[in-house]
Amino acid sequence: MEMKNIFVLRDMIRLGGGQIRGRKKMQKIVYIVQEFVNPFNPPFEYKWNYYGVYSEELAGEVNIGEFFNIFKETPVIEYNYQSYAIEIPGDAEMTGAEQNVLLGSLMAFLNDQEPRLLEVLSSIIFFEKKGLSEEEINAQLLKFKGHLHEFFDDAYEALEKIKEILSKQS
Amino acid sequence: MAKIIRDPIHNIIEVEDDALALIDTVAFQRLRRIRQLGVAWLVYPAAEHSRLTHSLGVYGMSKRIMRNLEKNSTIFKLDKKEKNLVALAGLLHDIGHAPFSHAFETAIKNLGGNFKHEEMSVNIIQECNEISFILKKHGEDFPEKICQVINNRYSNPHVASIVSSQFDADRIDYLLRDSYMTGANYGRFDIDWLLKNISIEVSTFRHSEGETVVSVDSKKGLNVLEQYLLGRHFMYAHVYYHKAIRGFEVVVTNIIKRMLEKEHKKLIGYNYIKDLYSGNISMGAYLKLDDFAVLTWFRDWYEKTKDPILKELLYHLFTRKPYYKAIYPTDNLIEYSKRKEDIMNSFKNKDEREYYFQEDSPKNTTYKNLYIGELLNEIYILRDEEVIPLSAIRESIINEAKDVLKKEEIVWYIKA
Chain A
1 MEMKNIFVLR
11 DMIRLGGGQI
21 RGRKKMQKIV
31 YIVQEFVNPF
41 NPPFEYKWNY
51 YGVYSEELAG
61 EVNIGEFFNI
71 FKETPVIEYN
81 YQSYAIEIPG
91 DAEMTGAEQN
101 VLLGSLMAFL
111 NDQEPRLLEV
121 LSSIIFFEKK
131 GLSEEEINAQ
141 LLKFKGHLHE
151 FFDDAYEALE
161 KIKEILSKQS
Chain B
1 MAKIIRDPIH
11 NIIEVEDDAL
21 ALIDTVAFQR
31 LRRIRQLGVA
41 WLVYPAAEHS
51 RLTHSLGVYG
61 MSKRIMRNLE
71 KNSTIFKLDK
81 KEKNLVALAG
91 LLHDIGHAPF
101 SHAFETAIKN
111 LGGNFKHEEM
121 SVNIIQECNE
131 ISFILKKHGE
141 DFPEKICQVI
151 NNRYSNPHVA
161 SIVSSQFDAD
171 RIDYLLRDSY
181 MTGANYGRFD
191 IDWLLKNISI
201 EVSTFRHSEG
211 ETVVSVDSKK
221 GLNVLEQYLL
231 GRHFMYAHVY
241 YHKAIRGFEV
251 VVTNIIKRML
261 EKEHKKLIGY
271 NYIKDLYSGN
281 ISMGAYLKLD
291 DFAVLTWFRD
301 WYEKTKDPIL
311 KELLYHLFTR
321 KPYYKAIYPT
331 DNLIEYSKRK
341 EDIMNSFKNK
351 DEREYYFQED
361 SPKNTTYKNL
371 YIGELLNEIY
381 ILRDEEVIPL
391 SAIRESIINE
401 AKDVLKKEEI
411 VWYIKA
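First to last, the sequence lines map onto chains A and B. Here my numbering is used: position 81 in the first sequence is 81, and no number is missing along the way. Here my numbering is used: position 53 in the second sequence is 53, and no number is missing along the way.
Check the hints yourself; a few may be wrong.
What the hints assert, rightly or not - If you anchor each label on the Cβ, the simulated ranges turn out as follows:
| hint | chain 1 | residue 1 | chain 2 | residue 2 | range |
| --- | --- | --- | --- | --- | --- |
| 1 | A | H149 | B | A237 | 48 to 54 Å |
| 2 | A | K47 | B | A416 | 43 to 49 Å |
| 3 | A | P42 | B | D192 | 38 to 44 Å |
| 4 | A | K47 | B | E409 | 39 to 45 Å |
| 5 | A | P75 | B | N11 | 57 to 63 Å |
| 6 | B | K116 | A | E134 | 57 to 63 Å |
| 7 | A | K72 | B | K219 | 47 to 53 Å |
| 8 | B | N123 | A | D154 | 28 to 34 Å |
Honestly, the hints are just simulated from the structure, not real lab data. In this text the structure is predicted, and so the values were computed from the model without any measurement. Quick reminder that beta carbons are idealized off the backbone N, C-alpha and C, glycines included.
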């Protein structure tokens, strides 16, 4: 049942340190995790919108999670604007996702990254999945994420790091 | 010399020359073609009042609140320039509203976009020449100050209390106006008596000691304050969150969303909506967006589109067919999830699941401060020598009922 995804999300946040700063960051992290590990059943449907990969389903799930007190959103100021940190209240039981060492390593790494880097990284992964060549990916990045060009190299490095994490655990 | 405008809510609104000049701009006149309550006219047929009438009302009410505060208070500190600032901020506070009130914003937000009418209001005030030219007669930084007042960032706290607080000109006007125009009389309260009993005082409450706050006299004004707060609560229940109105808002939101998702580039108006979504819309193009233009587009889309989902959404809007039926799920997460799964499985395909079902959680609400529980700490009461928040007044009906008033729920809208 879809309900389990709420608890997997919760445990992912816990694995990432107990807090994800901002819904935008959460969107990108879940997308990246889903592409490599996919702990969700069913996976969240993502679409490419003007601002990058986005899942309306995931946004709704976070709303529901907050309504049923599975998550808590608290205001934080980061990068000079206010967003909401998604936290875990209390000591609810884990689903078993915490047993997933790979997921834990991935979450710790991703949650440590800046949201803008994750935005570029998730875009690279999206275009790679569509079968674009490296040249075509760079062209798309310049077109849609040109304002984040300072993060391009770091995003490619982060992608290599993810692959390294995956290969170590397998 | 002030001009007189007649108004069914305030009877007479006196409009000074600079306000009149702003009213007669293209940007402001656009508000005449945007309905205050979005699609509520589909449920309350008389609810056809415009954002323009509301903006005039806020202008008049701002001045009225200031007059009463000045009369009733010993520490009210607004000079003539700041009074003008407050009144004009009230006049312009909604100038950036999109058509169909919140439906456009919701559609864009649901697709991961980022449009806020408050930001557009700031853009218009600062960048629209016909508006900024008039405002700059009061000083080069006057447009910026107007924006600060609207966004509750102005340095003088007395100003914030009149324009942007839990008890401000905007809320008072829309409550009275919406109540009158819909015929749902819950929002009507004794405004004259309330204004007679408000004043600026210095808080004696430990968490805000020394701060100046707007307060209501407990002996004479408490009951009418309660009437105002309860009226707000009932207006949300019976109008702003009326299930049929909300259901039609979902239809309009889905129409916009479908246009964006399927990129119906050949349909008229697509470029405007796309540019709005991407944040690239020019000032000139935005000022062409109003309810009239968008409804004309809708009619054209209905005739020309071959997209069955889009066509069906538009059909139900124009024929006022009861399209979305609301079902109220339980408080139990497991039962909620099971019922939702059953509903999802009843749809034939992904398109139907996406466009024939809408979940409304409290986080999705676009009306600010829906729940009275959030207001309690901000309205102060003058009781003998004390100036304390309403939440500290145990005998208040609001405190007795706060658990009921603060109830949140998830609502589903499903194609009937």
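We went through each hint and held it up to the structure:
Between H149/A and A237/B the CB atoms are about 50 Å apart, so this pair conforms to the stated range of 48 to 54 Å. The beta-carbon spacing between K47/A and A416/B, approximately 27 Å, falls outside the hinted interval of 43 to 49 Å. In this structure the hint that P42/A and D192/B lie 38 to 44 Å apart at CB is violated, the actual value being about 58 Å. Checked against the hint of 39 to 45 Å, the C-beta distance between K47/A and E409/B comes to roughly 29 Å, which is inconsistent with it.
A hinted range of 57 to 63 Å for the beta carbons of P75/A and N11/B is inconsistent with their spacing of about 42 Å. At about 37 Å, the CB distance of K116/B to E134/A disagrees with the hint of 57 to 63 Å. Against the hinted window of 47 to 53 Å, the Cβ-Cβ separation of K72/A and K219/B comes to about 40 Å, which falls outside the hint. For N123/B paired with D154/A, a C-beta distance near 33 Å keeps the hint of 28 to 34 Å intact.
Taken one by one, the earlier hints fail for this structure at numbers 2, 3, 4, 5, 6, 7, listed in ascending order.
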